[in-house]
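Put chain D on the given structure of chain W with help from the hints.
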Amino acid sequence: LRGGEVSKMAGADGDDSLYPIAVLIDELRNEDVQLRLNSIKKLSTIALALGVERTRTELLPFLTDTIYDEDEVLLALAEQLGNFTMLVGGPEYVHCLLPPLESLATVEETVVRDKAVESLRKISQEHSPVDLEVHFEPLVKRLASGDWFTSRTSACGLFSVCYPRVSSTVKAEIRQHFRTLCSDDTPMVRRAAASKLGEFAKVLELEYVKSDIISLFTALASDEQDSVRLLAVEACVSIATLLPQEDLETLVMPTLRQAAEDKSWRVRYMVADKFSELQKAVGPEITKNDLVPAFQNLLKDCEAEVRAAAANKVKEFCENLPEDNREQIIMTHILPCVKELVSDTNQHVKSALASVIMGLSTILGKDNTIEHLLPLFLAQLKDECPEVRLNIISNLDCVNEVIGIRQLSQSLLPAIVELAEDAKWRVRLAIIEYMPLLAGQLGVEFFDEKLNTLCMAWLIDHVYAIREAATCNLMKLVEKFGAEWAQNTIVPKVLGMANDPNYLHRMTTLFCINALSKACGQEITTKQMLPVVLKMSNDQVANVRFNVAKSLQKIGPILDSNALQTEVKPVLEKLASDTDMDVKYFAQEAISGKSFPITEYPPESRQHFYKIFIDVQDQLVNV
Amino acid sequence: SNSVRSDSHQFVFSADIISTVEFNYSGELLATGDKGGRVVIFQHEQESKNRPHLRGEYNVYSTFQSHEPEFDYLKSLEIEEKINKIRWLPQQNAAHFLLSTNDKTIKLWKISERDKRAEGYNLKDEDGRLRDPFRITSLRVPVLMPMDLMVEASPRRIFANAHTYHINSISVNSDHETYLSADDLRINLWHLEITDRSFNIVDIKPANMEELTEVITAAECHPHQCNVFVYSSSKGTIRLCDMRAAALCDRHSKFFEEPEDPSSRSFFSEIISSISDVKFSHSGRYMMTRDYLSVKVWDLNMENRPVETYQVHEYLRSKLCSLYENDCIFDKFECCWNGSDSAIMTGSYNNFFRMFDRNTRRDITLEASRESSKPRATLKPRKVSTGGKRKKDEISVDSLDFNKKILHTAWHPKDNVIAVAATNNLYIFQDKIN
Chain W
33 LRGGEVSKMA
43 GADGDDSLYP
53 IAVLIDELRN
63 EDVQLRLNSI
73 KKLSTIALAL
83 GVERTRTELL
93 PFLTDTIYDE
103 DEVLLALAEQ
113 LGNFTMLVGG
123 PEYVHCLLPP
133 LESLATVEET
143 VVRDKAVESL
153 RKISQEHSPV
163 DLEVHFEPLV
173 KRLASGDWFT
183 SRTSACGLFS
193 VCYPRVSSTV
203 KAEIRQHFRT
213 LCSDDTPMVR
223 RAAASKLGEF
233 AKVLELEYVK
243 SDIISLFTAL
253 ASDEQDSVRL
263 LAVEACVSIA
273 TLLPQEDLET
283 LVMPTLRQAA
293 EDKSWRVRYM
303 VADKFSELQK
313 AVGPEITKND
323 LVPAFQNLLK
333 DCEAEVRAAA
343 ANKVKEFCEN
353 LPEDNREQII
363 MTHILPCVKE
373 LVSDTNQHVK
383 SALASVIMGL
393 STILGKDNTI
403 EHLLPLFLAQ
413 LKDECPEVRL
423 NIISNLDCVN
433 EVIGIRQLSQ
443 SLLPAIVELA
453 EDAKWRVRLA
463 IIEYMPLLAG
473 QLGVEFFDEK
483 LNTLCMAWLI
493 DHVYAIREAA
503 TCNLMKLVEK
513 FGAEWAQNTI
523 VPKVLGMAND
533 PNYLHRMTTL
543 FCINALSKAC
553 GQEITTKQML
563 PVVLKMSNDQ
573 VANVRFNVAK
583 SLQKIGPILD
593 SNALQTEVKP
603 VLEKLASDTD
613 MDVKYFAQEA
623 ISGKSFPITE
633 YPPESRQHFY
643 KIFIDVQDQL
653 VNV
Chain D
5 SNSVRSDSHQ
15 FVFSADIIST
25 VEFNYSGELL
35 ATGDKGGRVV
45 IFQHEQESKN
55 RPHLRGEYNV
65 YSTFQSHEPE
75 FDYLKSLEIE
85 EKINKIRWLP
95 QQNAAHFLLS
105 TNDKTIKLWK
115 ISERDKRAEG
125 YNLKDEDGRL
135 RDPFRITSLR
145 VPVLMPMDLM
155 VEASPRRIFA
165 NAHTYHINSI
175 SVNSDHETYL
185 SADDLRINLW
195 HLEITDRSFN
205 IVDIKPANME
215 ELTEVITAAE
225 CHPHQCNVFV
235 YSSSKGTIRL
245 CDMRAAALCD
255 RHSKFFEEPE
265 DPSSRSFFSE
275 IISSISDVKF
285 SHSGRYMMTR
295 DYLSVKVWDL
305 NMENRPVETY
315 QVHEYLRSKL
325 CSLYENDCIF
335 DKFECCWNGS
345 DSAIMTGSYN
355 NFFRMFDRNT
365 RRDITLEASR
375 ESSKPRATLK
385 PRKVSTGGKR
395 KKDEISVDSL
405 DFNKKILHTA
415 WHPKDNVIAV
425 AATNNLYIFQ
435 DKIN
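Residue numbers (the numbering used here), protein chains in the order written: chain W, 33 to 655; chain D, 5 to 438.
Isolated chain W (complex conformation) (with noise of 0.2 Å):
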């Protein structure tokens, strides 16, 4: 019995109300943890019925012990006791949901904890400054002093929510766990520590963050374990915006330019992912001193990751650049590395910096861009890696608003006519979707010129994928350059695939059309692709013929009514009564106007589900 049906039965002498929470309570227990998820989620309506009195003193502390469950139990549970100050008794009562929480914020796995440590937050704030100092803070030292790392992770994220609501002596002790738990024994803790170190210097007096957060700032960015270290770079960033200009010098700079050159290249890396923050942070004119040659140092880097890092936010640090000597910095220190990094040895680099350098063109302008970064463009557009000409073509449009598109128009054209011929489909399959984009910026004239017949090749290509992904082009295509084109370059060719041998080519002809239709109009519909799709009607592949009938319903709310009664009705009747089940299914289907999903098959026909094998084997054959 379960809950939905209960009120349908309504007892004699119980109360019919408290059934479905029954089953409910009892289900925190059931075997199924779906179940007890369930019950899990609804906690609110058991508190409801029980009523906040026996809401605190039964059902939290049973709570308090279930630890033992399943971890997306524990997470729902952890969730639900961050909204239940109310189901408690109201900001008076909300301490009673500390000992869950607290035991939730112990345990091994970390989004468990991560949310227990979350709700603890939340109803933090509902705590009255008396109970914060009375309940909150002494569990945030037990937490802190835990015997397990667990639990003193967790404190990590409490500190900074209760210190601004406490008295100074209390404030002090605070101050004192941190400091404890920045120099914990065990790594886990000092990253977590780490990891917070912002957020707790943002609450702090600015004389305490003076003394007290930066010589821990200090200590962890030299911690043994670069874990650690590279974690500090974050904290960097909060801790320079908290400091006025003139300390940043001598209290943050010297660690970041330690971090920036660390032996470790997961720190740097770490410094490189962060560059743009860190370049905010410490404003312009450290960035000229400090950032530019740390940034420039970064670029050259031994190692691989650190340097596609940097890559990454070539653009970004250059359009942050002060604008007074922007372009100079630009072109004596950053474009030189970028130039080196054009002919890198590792591919993700290059491709990183695929991905921004057009960019730069904005920034620099167009007589820079002419000069400078053409031939970097160029450069990139010939890699020999794919990743790395598709990065190039799919931000096209930045360089376009500067000096337009034809310049690049010599070398774009063979770098798309290789991915386009690409050995591996994928590759031809994200080029094709950048065809809108590029038809959109080079113009119908360049397009018919030069691109046609590439858009009209992948229709025919072995790849069931690209040939899907080829009609979907040809349809945004006509969105774009209007049906008047369509009926001059595209649909004479579509239409002539009909009579192709090939049946695979010649029902892409039936996808096309019903991609096309809608953009095409009625006119072109009716008179130039119904008589075709009519005429394959009589094919002898039933699956070309069951795709007529699908096509018909596809393109019958295009058509007038009159050609759908006195065109496509008689065929689909003749479909109607084909010799082929699935061809008769779909006629039907189309006859009787049901829209239905193409994975709904009649559930007698095995015989289409082997032609769709065929399909999919022709595909497989071609990967």
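Watch out, some of these pointers could steer you wrong.
Quick list of in silico lysine-lysine cross-link-like pairs, DSS-like style, CA-CA up to 27 Å [to be verified]:
id: 1; chain 1: W; residue 1: K74; chain 2: D; residue 2: K120
id: 2; chain 1: D; residue 1: K258; chain 2: W; residue 2: K295
id: 3; chain 1: D; residue 1: K209; chain 2: W; residue 2: K456
id: 4; chain 1: W; residue 1: K73; chain 2: D; residue 2: K128
id: 5; chain 1: W; residue 1: K332; chain 2: D; residue 2: K258
Chain W residues, not near chain D, derived (Cβ > 12 Å throughout) [what the hints assert, rightly or not]:
id: 6; residue: L69
id: 7; residue: H167
id: 8; residue: A251
id: 9; residue: I318
id: 10; residue: S387
id: 11; residue: S441
id: 12; residue: S593
It should be emphasised that the hints constitute simulated quantities derived from the structure, not laboratory data. No residue lacks a Cβ here, since even glycine has one placed at the ideal position from N, Cα and C.
Using the frame of chain W, we list chain D on its own:
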């Protein structure tokens, strides 16, 4: 300290051969894995008043099936369930965690205790009989009641599909968040919380497999420096890598190799120089390697030769031919340090195992046998006669039983308690307390 004469007790399993033995960080728990894919965990009982001479016994705490036999249908290969290695994680809360691995799949297990049970249902009474659902007049919240201690082992994560070859080592990093796993040709680095990807940090697979000249035999993380790990090879060399230097550690930062003595060169030289185990000392200053005939201690600061070399069973040098024929020459003996790094232990044949005191340079051969393991019995040193004449109490090389081999041993991280796996028997010996 190497005179671990002792009281002992033993646990006999069904015909299952123990394939790995490992103490946890406190020494309170001892895990064994066997060929049947099972993991058995022993717990150190507190001192009992009745037997004050004993430090307390190790009793079975939890037994569970870690791995099942599998079949790789794509490669038509059977994947054995045999546990190749067990490594404990540093304790993080009241539960204990360990990694166990067979040839292909690494699993993270949680071993936890439960001593409370919830009681009281709304729809059932105490005897489990259903109540009339229409006569519920009040709601009951379950109450937790004490119960007999129950130990549960639950699989927490499965790290699969990352090794093409057989996994020979797993090692937890001192950063407490990553670990490495090594197979014959590659080493992968995992995050303990992420199962769907790992980073390949070493790959020695040549483009053409016919050019393969060496394989990775063991790998271990440094106990304190989270960026340092070593791996040993079948050529008798050890490479130390620094993960700070680059994301891929194909280039080592140190290369430990002892020049070969040309006078002792033979057909078997390369086979017997293959390293079967490598272990960092607890201090992190040294590492120990085991090859077929010896144990070597290396100072991490000296790459050209080991600082100490101990012969384990030099008397077998003349027997290599027959040991090659019966495949014993490919046996992979492991080695271990005591808690203070002052002594080392490794196994041999005939259920003998060897201990070396690094300070006094004294060594001893002991035997793990039923006789020596009766309660309160003391282990007597054994001797293998190497010269022409066999003295009393000595055993001749020819009468050694090569089927009884001790490959896996473990030393308690703090106390003089050792665990010795002899085929399907686990012997635990401890210092006598007088």
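Structure-based check of each hint:
1. Distance check on the hinted pair: W/K74 and D/K120 sit about 24 Å apart at the alpha-carbon level, within 27 Å; holds.
2. Proximity of D/K258 to W/K295 is assessed by CA-CA distance (about 16 Å); at most 27 Å being required, the pair is judged to hold.
3. Restraint check for D/K209 and W/K456: the C-alpha separation of about 25 Å stays at or below 27 Å, so the hint holds.
4. Simply put, W/K73 and D/K128 have alpha-carbon atoms about 23 Å apart, close enough for the 27 Å limit, and the pair holds.
5. As the CA atoms of W/K332 and D/K258 are separated by approximately 25 Å, the hinted pair is consistent with the 27 Å bound.
6. Once the 12 Å rule is applied to beta carbons, W/L69 is consistent with being away from chain D; the minimum gap is 17 Å.
7. Listed as outside the interface, W/H167 is consistent with that label: its C-beta sits roughly 23 Å from the nearest C-beta of chain D, beyond the 12 Å cut-off.
8. At the 12 Å boundary, the C-beta of W/A251 stays outside the reach of chain D, the nearest C-beta of that chain being 17 Å off.
9. In this structure W/I318 is separated from chain D by more than 12 Å, as the shortest Cβ-Cβ distance comes to about 26 Å.
10. With a least beta-carbon separation of about 20 Å from chain D, W/S387 lies farther than 12 Å from that chain, consistent with its non-interface assignment.
11. For W/S441, the shortest C-beta to C-beta distance to chain D comes to about 38 Å, beyond the 12 Å cut-off, and the non-interface label holds.
12. Every beta carbon of chain D lies more than 12 Å from that of W/S593, the smallest distance being close to 55 Å; the non-interface claim holds.
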